[in-house]
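**Student:** What follows is the residue order along each chain.
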Amino acid sequence: MENNVIIALKNISVTFGDNNVLKDLNLNIRDKEFITLLGPSGCGKTTTLRIIAGFVNPDEGEVIFDGKKINDIPPHKRQLNTIFQRYALFPHLNVYENIAFGLRIRKQSEKQIKETVEEMLELVNLKGFNKRNITSLSGGQQQRVAIARALAVKPRVLLLDEPLGALDLKLRKDMQVELKNIQQRLGITFIYVTHDQEEALSMSDTVVVMDSGVIQQIGTPIDIYNEPRNAFVADFIGESNIIDGVMIDDCLVDFSGHRFVCLDKGFDKNEAVDVVVRPEDVDVTEPEKGMLRGTVTSVTFKGVHFEIIVDIGGFKWMIQTTDYHPEGANIGLYIEPDAIHIMKKSEYSGMFGDYSSFSEEFDELSEIDEEEEE
Amino acid sequence: MKTLSKIYVALVFIFLYAPIAVLIVFSFNDSTSTVVMSGFSLRWYKILLADGTTLKAVYNTLILAVCSSVISTVLGTAASIGIEKYKKSIFRSSVMAATNVPMMNPEIVTGVSMMLLFVFIGRALRIESVLGFATILIAHITFSLPYVILTVLPKLRQTDKNLAEAAQDLGCKPVSAFFKVVLPAIMPGIVTGMIMAFTLSLDDFIITYFTSGPGFQTLPIVIFSMTKKRVKPDMYALSALIFLSILILLILYNIAQVKSEEKIKKKRG
Amino acid sequence: MRRSGTGAKLISVPYVVWAALFIIAPLFFVVYYSFTNAAGQFTLDNIHLLTKYIPTFLRSIWFGIVATLICLLIAFPTAYIISQKSDKIQRTMILLVMLPMWMSFLIRTYSWMAILQDTGLINSFLVKIGIDPVHMINTGGAVILGMVYNFLPYMIMPIYSVMAKLDFSMVEAAQDLGSNRINVIRRCIIPMSIPGVISGITMVFVPSVSTFYISQKLGGGSFDLIGDVIERQFQQSYNYNLGASLSLVLMILILLSMAVMNHFSDEGEMVI
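First to last, the protein sequences are chains R, F and X.
Residue numbering for the first sequence follows our numbering, starting at 6 and increasing by one per position.
Residue numbering for the second sequence follows our numbering, starting at 88 and increasing by one per position.
Residue numbering for the third sequence follows our numbering, starting at 3 and increasing by one per position.
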């Protein structure tokens, strides 16, 4: 595994003013993988990307590319290219000239340039758009031109800074598939920055979850979802009920006044832990048959399922169920051992996973684009 | 209501154009009167074209406008790029405050203050007549600079700040990234600023009046000294010619603009 | 953190030097000359002499206010009517409003002399239709007319550009809510165009107060404005020190009135 590392960040720290944007960050990126830096705005993911691209010099630490330290190599000499958040297409050049830009800098022959541009236009499904003006293109088309322009110079690594943020939902889904296809077809490394956990899970080989300048967890999408390392990751990736619990013994945990069988081992006896239960993993039963009992306090119809908030001893759970339960109904909850995930206590304990003040608007608000602090 | 508003606008335009109409009509007068038309003639145009001072002044005015607009555009564009990099800082706000001074101050105060500076320097260096082309040029550049900066700066702010980075990312050195990508993107603002600087310079009388000497006279200065006495219709002829050339320029500009808009529409459609 | 961009910052240095030399330094010279005599010694004589010019200052301010108000009265409906036309007509009309500004204001002002004279165009016309001639030239009214004429476009332009950008669906909403035409204008269009009115007022008031040519030509020398006095100190009596102190007062006056205007514009926004 270590052998095919293409980019390594070692002990990277960055400060803007008195703001510690990155704190002693270490990250290995393997060749040809699709890796996503995921986190809320201000977590340092864009700064990490800009360090790799060379637009930000870290205060401390080394940036290694292909075994060589590249801290002092300026952006224009690095073998990687960036897709910018707002594309940064050159408005005074047409589609053809935008894609040809990097090739002209490299002084390629007109014939070579034409070949590459045509090839790239085909790759991004924009054949025949050569002479079009940039300003006359839709957002999705501009996105494709940006991809073609970056790929035309045959980089070994492509950096993508929230490239789909400006597109509407439908187009975003299409582009996700398309980007993944392009990555697999060309076999190059993609380093992708996003705050959208769904995007990260569906596209990546590896997800790096970041918060306040620190990497919280690195793993495959499945690992990250099923085995979140702390409350932050559990909450950021999908919906989670996070409850204070006590580990009685291996595979036995106490929370919400009930002892549950689980699959987790290796904790101290009677260690305080965070317990994660995903809303979709809870089965609703008759009150008397449930391991826990509670009252429904709100119901939202979501299409595929209902999302209900259930008050269990003062703690509000979110549960997804296909059956309708009216507000005020008493219900029982049944939780399988494999639906319970135990995490060690962390600085994030107690901050997430309670749905007592749940409102969807909060989620929307936190999705404001990350503006880099300078 | 409709007809009332039409009459209203018509009256406003009559008010704006009455003096211009008067001087155009009387530029063709056979006599020196500016009240009674005594017959059609082109004699004032002939006299005008034979008059060396006026033509020299036209030439001076154009030279001055070209020099001051080019210099102020270069200085102002460079300044805008630097200022834009500063974001929020005391330096930036004080530079912008200084930039606003020539726009807020009455022209006569700007003219007088520069004259005092030049006179003081002239005395200190024992230069006989310090006021001349150089001082007018400095004055024109100074009052044009704010307009250039205030047209270029918003354009810079509008352009994607990643443009230069994108060019570097594709292999451009930082300096060539600026010339290849950023400069073309802000070009419309630069051109607008330059046109403003040019026309301001052409038209300026008050500041020129205080910073010019007998050695270098611009057209407004010549007109001023002529209107001190009784104006002969050759000045009217000159104004008629100026009016005509501005009108033609504006019409051409308008046609060009309409055409380019149609072109964009066609491309999109 | 090391970052690129220091090079780019440096290219503003020439302008900063230029601004210090030719924008800031001249202002210091105005102050310096105000408080010195011809020999360069400190004195307050110029400041004492200013009292003599208080009537002139007051007249300038009064004329400036009247001219600005008349401009506003003429310009507001004009700008509104223009903003209601189709794009093409709007563009042509705005060009027509700006066109006179591109011609020497000296010659246009002079042309008014020919129109307003006792034996001028208007009076010859009046005589022809049997009305007694009216004395117009060399009156305060003629001076104000000259100001209104010269600076009217500066009032129309900013008001028009605000109105042209107004979202007229808002007007429709007001009509929908039961406003009649007058109410729409009073409650929607006027408050929303206040920023344009404010900048129009400053753009007309400042040159009106400080003008020096118009009053000489159309006022016949009996309506001296502060600009005329300043001009005379520099171009005829060569009393730079008195001229500087007059300019200093004029400058402070303008800055004060601008501060007042800004204060009003802030409150104006709150009224909406």
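No lab work stands behind these hints: they were computed from the structure.
There may be inaccurate statements among the hints.
To be verified - Calculated cross-link-like contacts (lysine to aspartate or glutamate; reagent style DMTMM-like; alpha-carbon spacing at most 25 Å):
| id | chain 1 | residue 1 | chain 2 | residue 2 |
| --- | --- | --- | --- | --- |
| 1 | F | 248 | R | 343 |
| 2 | R | 294 | R | 343 |
| 3 | R | 270 | R | 352 |
| 4 | F | 260 | R | 352 |
| 5 | R | 82 | R | 23 |
| 6 | X | 167 | F | 290 |
| 7 | F | 174 | R | 64 |
To be verified - Listed next, with one range per pair, are the computed distances between beta-carbon atoms:
| id | chain 1 | residue 1 | chain 2 | residue 2 | range |
| --- | --- | --- | --- | --- | --- |
| 8 | R | 114 | X | 172 | 39 to 47 Å |
| 9 | X | 171 | F | 119 | 41 to 49 Å |
| 10 | F | 319 | X | 237 | 45 to 53 Å |
Even for Gly, the Cβ is constructed at its ideal location relative to N, Cα and C.
**Student:** Against each hint, give a clear statement of whether it holds in the structure.
**Tutor:** To see whether the hints hold, each was checked on the structure:
Taking the CA atoms of residue 248 of chain F and residue 343 of chain R, the gap is about 49 Å. The hint is violated against a cut of 25 Å. For the proposed pair residue 294 of chain R and residue 343 of chain R, the alpha carbon gap of about 19 Å is at most 25 Å, so the pair holds. Of the supplied pair hints, the one linking residue 270 of chain R and residue 352 of chain R holds, its CA atoms being roughly 22 Å apart against a limit of 25 Å. Among the hinted pairs, residue 260 of chain F with residue 352 of chain R is inconsistent with the structure: their alpha-carbon atoms are about 44 Å apart, more than 25 Å.
Among the hinted pairs, residue 82 of chain R with residue 23 of chain R is inconsistent with the structure: their alpha-carbon atoms are about 31 Å apart, more than 25 Å. As the CA atoms of residue 167 of chain X and residue 290 of chain F are separated by approximately 29 Å, the hinted pair breaks the 25 Å bound. At most 25 Å may separate the alpha-carbon atoms for a hinted pair to count; residue 174 of chain F and residue 64 of chain R meet this at roughly 22 Å. In this structure the supplied range 39 to 47 Å is violated for residue 114 of chain R paired with residue 172 of chain X, their Cβ-Cβ distance being about 58 Å.
The hint said 41 to 49 Å for the Cβ distance between residue 171 of chain X and residue 119 of chain F, and at roughly 58 Å that hint is violated. Between residue 319 of chain F and residue 237 of chain X the beta carbons are some 23 Å apart, a value that contradicts the proposed interval 45 to 53 Å.
Hint compliance for this structure: hints 1, 4, 5, 6, 8, 9, 10 are broken, all remaining hints hold.
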